[in-house]
Amino acid sequence: MKKLATGLVGLVGLATLLLILSGCTKKPEATKHSSSKESVKTSQTSTNNSKPKVTLTTKELVATIYIESYMAQHSTKDIPTAVNEILKQPEFMITTPLNNTFLANEHIVLVGGDLGTTITITDDKIHVQSYNGNEQFSDKYYSAKELTSKYTTHVDLLKKVVTLSDKHVAERNSLTNEELALSAYVKNYVTTNTEISSFLSEGLSKDFSVGLQDNSYHFSQGTGSSSEEITVSDNRVTCIVHNGATQTDTVNFTKEELSKLFLQYKQQLDNLLSIGKDNYTKFVDSQTTATSSTVDTTKLSEEQTKTWVKNYLLQSGDIDKTTFDEFTSIGTSLDDENCLLLSPRGRSKGNTTNDSSLGYFRINSDGELQKQNLSEVDGYGDWKTVSTTYLGSE
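Position one of the sequence shown corresponds to residue 1 (this note's numbering), numbered consecutively onward.
In case anyone wonders, no lab produced these hints; they're calculated from the structure. Not one of these hints is a red herring.
Cross-link-like lysine-lysine pairs, in silico, DSBU-like; alpha carbons within 30 angstroms at most:
1) Lys-277 with Lys-266
2) Lys-260 with Lys-206
3) Lys-140 with Lys-77
4) Lys-299 with Lys-206
5) Lys-88 with Lys-167
6) Lys-88 with Lys-266
7) Lys-145 with Lys-160
8) Lys-53 with Lys-159
9) Lys-53 with Lys-160
10) Lys-88 with Lys-277
11) Lys-277 with Lys-255
12) Lys-159 with Lys-140
13) Lys-299 with Lys-282
14) Lys-77 with Lys-150
15) Lys-59 with Lys-140
16) Lys-282 with Lys-206
17) Lys-77 with Lys-145
18) Lys-167 with Lys-277
19) Lys-150 with Lys-140
20) Lys-150 with Lys-160
21) Lys-167 with Lys-266
22) Lys-160 with Lys-266
23) Lys-88 with Lys-59
24) Lys-53 with Lys-125
25) Lys-255 with Lys-167
26) Lys-206 with Lys-277
27) Lys-145 with Lys-125
28) Lys-125 with Lys-77
Using the sequences provided together with the hints, build the complete structure.
See below:
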């Protein structure tokens, strides 16, 4: 009996031990399962926090270097501020003179205060020489990885800088309408292509002027030459050349042929246009401020001589004010005595013909306005002085 009781106690103890062991075995499984969930969660968090890899184009990389140089030159520490200033530069360009060398310049021709950079890229190594005008102020080396990392959050700004450069490069590789008009004007004076350079340098007089009137560019070189009206439309450049008292010649060019000849002279064209427009502005200003006593009639611009003839015709009653600008044109040429000859044509009073002659006028060497007395026999006659005081107003 005693043995039976002892056996039962043993069985109970064994069962208890098994239960304890069973609980111990399940516990690690639960821990293992929890650990697996935590691992997945950590992995997902790591993936969500990772940033996409940024790769800069070569031009964007060059743009970063120009920005760095700009900030160094102007002590600008904020990239967006520097970019906003660069975007205001009217001639900023990134060009590639050699395969792995780039130029990023504020202006085509650098002067004091202008930023220019020469950038040579070899794999990850970038050599940068920065200039203030023609004076070098920096010689540095960068790492492409270093710059890419720094500008990761400014890619949109880099794209704006590159877009501005591309726009200016495209403009640099083509001629504007006013440059095409001046090209046509010059082409009418030169007989061979080799004469273009010398004519641009020395061929135009100091009185050269250009102004935009009624969608045409009006060119003249003072009283010593005739005038031209040049219109640029579609692919054609049309020149109306006043040749003689009543004759006009029309000369046509295509944009392509003019661009082919004159693109290499773009800077010279721009310089001459600046001078011509300035002369034209001075003339317009003089029309409104000059009095008869302050105008030297021996040194009139071509436009001033036309104004004189127009106002003489109006004051003499030969034409109506309401019809002059609409129907009247004034051709110019040089006569045998090297005086400027003016030949207005239009509608005179009592005449319904819009293109009739209004007489022949000239400015003689004494600065007097003369009108020709035409002979009924041969159409020629002597000259009579009709005005000695400049008529700048009606």
